[in-house]
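Going line by line, the protein sequences match chains C and S. Counting from 1, position 384 in the first sequence corresponds to residue 384 in the working numbering; the numbering is continuous, with no gaps. Counting from 1, position 272 in the second sequence corresponds to residue 272 in the working numbering; the numbering is continuous, with no gaps.
It is worth saying that the hints were derived from the structure and are not from the lab. Every residue, glycine too, gets a C-beta built ideally from N, C-alpha and C. There's no promise every hint is true.
As the list claims (entries may be wrong) - When the alpha-carbon atoms are kept at most 30 Å apart in a straight line, the in silico DSBU-like pairs for lysine-lysine are as follows: (1) K149/S to K113/C; (2) K116/C to K231/S; (3) K442/C to K317/C; (4) K231/S to K66/C.
Said to hold, decoys possible - Covered stretches of chain S, as calculated for chain C (at least 3 residues, CB under 8 Å): (5) 206–215; (6) 219–230.
The primary structure of each chain is shown beneath.
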Amino acid sequence: MQNVLEMSGICKSFPGVRALHNVSFSLRKGEVHALMGENGAGKSTLIKVITGVYEKDTGQILVEGKALHFRSPQEAQNFGIGAVYQEIMLCPNLTVAENLFIGRGQHALVNWKRMKEQAAHLLHSLDIPARPTQQLSSCSLAVQQMIAIARAIDMNCRILILDEPTSSLDEEEVQKLFRLMRELKARGVGIIFVTHFLDQVYEISDRITVLRNGEFIGEYEAASLPQFELVSKMMGKALDDVSQIKKEQPLSNQRGIPVYEAVGLSSTAGIKPFNFTIHKGEVNGFIGLLGSGRSEAARAIYAADKVISGEVKVNGKKVKIREPLHAMKLGIGYLPEDRKSDGIIADLSVRENIILALQVLKGFFKPFSRKQAELFAEEYIKSLNIKTASTSTPVKSLSGGNQQKVIIARWLLTHPEYLILDEPTRGIDVGTKVEIQKLVLKLAREGVSITFISSEIEEMLRTCSRLIVMKDREIAGELSGEDVTERDIMYVIAGGGTQP
Amino acid sequence: MEPINTMKRREAISNSNLLLLIAAVIFVLMYGIAMLCYPRSFFQYQTFFDLFSLNAALIIITLGETIVMIGGGIDISIGAVTGLVTMCCAVYLESGNGSVGGSILLALGIGIAFGIMQGFLIAYLEIQPFIITLAGMFLANGLLTTIHKDPLNVTMPHFVKLRDAVIVIPWLGTMNRLGNFIPVEIKPGALVVVVLIIILSVFLHWSRFGRNLYAVGGNSQSALMLGINVKRTKFFSFVLCGLLSGIAGFVFIMTTGAGNVGNASGFEMKAIAGSIIGGTMLTGGVGNPIGSPIGALTLLTINELIRAAGINSNFQAIASGLLLCLFIVLQNSVLWLRRTGGFKLKGIPNLH
Chain C
1 MQNVLEMSGI
11 CKSFPGVRAL
21 HNVSFSLRKG
31 EVHALMGENG
41 AGKSTLIKVI
51 TGVYEKDTGQ
61 ILVEGKALHF
71 RSPQEAQNFG
81 IGAVYQEIML
91 CPNLTVAENL
101 FIGRGQHALV
111 NWKRMKEQAA
121 HLLHSLDIPA
131 RPTQQLSSCS
141 LAVQQMIAIA
151 RAIDMNCRIL
161 ILDEPTSSLD
171 EEEVQKLFRL
181 MRELKARGVG
191 IIFVTHFLDQ
201 VYEISDRITV
211 LRNGEFIGEY
221 EAASLPQFEL
231 VSKMMGKALD
241 DVSQIKKEQP
251 LSNQRGIPVY
261 EAVGLSSTAG
271 IKPFNFTIHK
281 GEVNGFIGLL
291 GSGRSEAARA
301 IYAADKVISG
311 EVKVNGKKVK
321 IREPLHAMKL
331 GIGYLPEDRK
341 SDGIIADLSV
351 RENIILALQV
361 LKGFFKPFSR
371 KQAELFAEEY
381 IKSLNIKTAS
391 TSTPVKSLSG
401 GNQQKVIIAR
411 WLLTHPEYLI
421 LDEPTRGIDV
431 GTKVEIQKLV
441 LKLAREGVSI
451 TFISSEIEEM
461 LRTCSRLIVM
471 KDREIAGELS
481 GEDVTERDIM
491 YVIAGGGTQP
Chain S
1 MEPINTMKRR
11 EAISNSNLLL
21 LIAAVIFVLM
31 YGIAMLCYPR
41 SFFQYQTFFD
51 LFSLNAALII
61 ITLGETIVMI
71 GGGIDISIGA
81 VTGLVTMCCA
91 VYLESGNGSV
101 GGSILLALGI
111 GIAFGIMQGF
121 LIAYLEIQPF
131 IITLAGMFLA
141 NGLLTTIHKD
151 PLNVTMPHFV
161 KLRDAVIVIP
171 WLGTMNRLGN
181 FIPVEIKPGA
191 LVVVVLIIIL
201 SVFLHWSRFG
211 RNLYAVGGNS
221 QSALMLGINV
231 KRTKFFSFVL
241 CGLLSGIAGF
251 VFIMTTGAGN
261 VGNASGFEMK
271 AIAGSIIGGT
281 MLTGGVGNPI
291 GSPIGALTLL
301 TINELIRAAG
311 INSNFQAIAS
321 GLLLCLFIVL
331 QNSVLWLRRT
341 GGFKLKGIPN
351 LH
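Sequences and hints are given; from them, build the entire structure.
See below:
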């Protein structure tokens, strides 16, 4: 069968992050090709390289056998590449009809009448409950998503890219989309499909390409790749270099006093009510695929999302945590998943970034003296082995791993009793990963309770003494003890229920 | 079961039109109050048309500002550019070998040159529009004082004829105290304004550029993904605004007949205020060129009202400030209510 798209050796870096490294991807005529990978694996970046939003650093893209690269989405669109992005890329201030057709016509004038007729026809044929003259912002999110899909389908494209198109659709709408996808497939359109719903992948896809940490893991026929293996490919096996650290000593499994207890905790981010307890000096982990609710659970504990329900006890005392500052004052620290937007303040110096949390606790009107701040910063630069030119270096000029250490230092300075680390090792080099894992174990021995979240299963197994498996935004199972294996975890994620 | 869909659907009014409607209502109310309080002046047609004739330049600038603001930008150089254009035209006309046609070309040329320069820096080099146009404002102000410092009255005969030209509307007018019928007279500048409003309304509604401009202002990232050339759209919005500043400059000198250092100074702020009162949102994507004259006239009516009341002219500024503040609060609360569903100007059955 003919390849409509062929990519090889694609590399793309952003300052401090290697988003894609030597990735290959091929798409045949008339196939649905699923692009799978965990958060930060590089799926969205790869798609944006295809559609010309980003320019690749190196590598080759062949479209229908010709070497091409698009410099802007309009070039890609003109060539017949339609895309529906993860975030809905439509204009809320325009009408539905305009959103369907804007940027496509070559005429200098707009024929409103014809546009409305065509839009009405298109909406009707796809059974979308919206009117052409309605303002887009008055449509529900699901309808907006359907409109974005309708637009891409109507373009008669040769390649259709659907990045998480089903995340806001209900089951019936998903089936409608799948019917459409099959129709397009029959017409010879190549479809790239990105989703984190495993069942949907197997329902519609012919082939699957897996990415992890920006690297190409493999290309498989969907029929010959069991769901279980797909999960393990996405989450990754042990990196040989990392396997040098073992649990240096069995983590104390004796249950001390609970540091934090929650009953029926839930938040506006959509996490279902869950119960959770962590004891002094314990390292536990939330594990699950992207979208399983692992980060949302952590954010609910820290009140980073608005908490709806639940009873919380810290050190045995009933408390209400309404905002992150409350949590901080109770000795809870949270290292957010997205380092760039929620963690570091890029233009401030290493020193200022380190003392930030402690300064907040102390109050902004009682600043630390420069000397004091310098002492704090130097202490942690040394103990965490942060590679920086000086304490005054802007944090943005550090590597990803060292930026992450700066944030960890920020929390350690507040001497937390309970620290939540959400993906502390994502996108950083192997050496630093090992250091961070060692640090987690060291802190636990010193009596700090830690919740560790990572996409890498090996890492979780090494550091955590108890694993809480999340699926579909609730807790699917809990595994603990020395004998927990990857297999056990994947069994819970892929199948549900603990293995007998 | 009766199908709900057979019900005649009324369309939800778009945000642009809703804000325009509010602006129009406020203007009518304002003018109504003025007529009730000061019937002798405000009940005359001439007063209304004078507002138009004497402030034609401001209204044209407001149109330009509205266009830039719909695209999500801002231009604070337009007042200074207009002032520069008046002085350049005056100097050129007084130089001895100037002509009216030449001065029109000069005016348009200067406006477009500023538009191209600023538009290029803003759209293609992606610099903040506020900073670039601030620099443009300083540049234009500097050039203005460098070219000529003192007031310069244009005495060229052809131009004086144009300056004094009035269009008489014989069927519209008022009786004076002696019982004689005084027809309404308007300046050619007012005619230019009307023509521009019509052209721009049509242009923004029916041209591809116009619709792209709304898309870019609404969400430039989405617009890019939808295949719109965002940079070119932004660039042209500034060029168009520059062109309108040029036209405004010529209309200004056509009305006053003199080049002066203080010409059109502070107009950019009035234009921003007028645009906002006229229903344009500073955040982009929402606005209507018909709103610009309404907004500008609302501001001017307040000033006239205060002048007629004989209050200290400082209050004009205070009143304008308060009105602007009030209007933005009103705009935002209406849009907020609309988002949260507490405000409905529609009769659509629920589709789900």
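Here is how each hint holds up against the structure:
no. : hint             : result
1   : K149/S to K113/C : 55 Å, violated
2   : K116/C to K231/S : 27 Å, holds
3   : K442/C to K317/C : 27 Å, holds
4   : K231/S to K66/C  : 28 Å, holds
5   : 206–215          : holds (count 9)
6   : 219–230          : holds (count 10)
In this structure, the one hint that does not hold is number 1.
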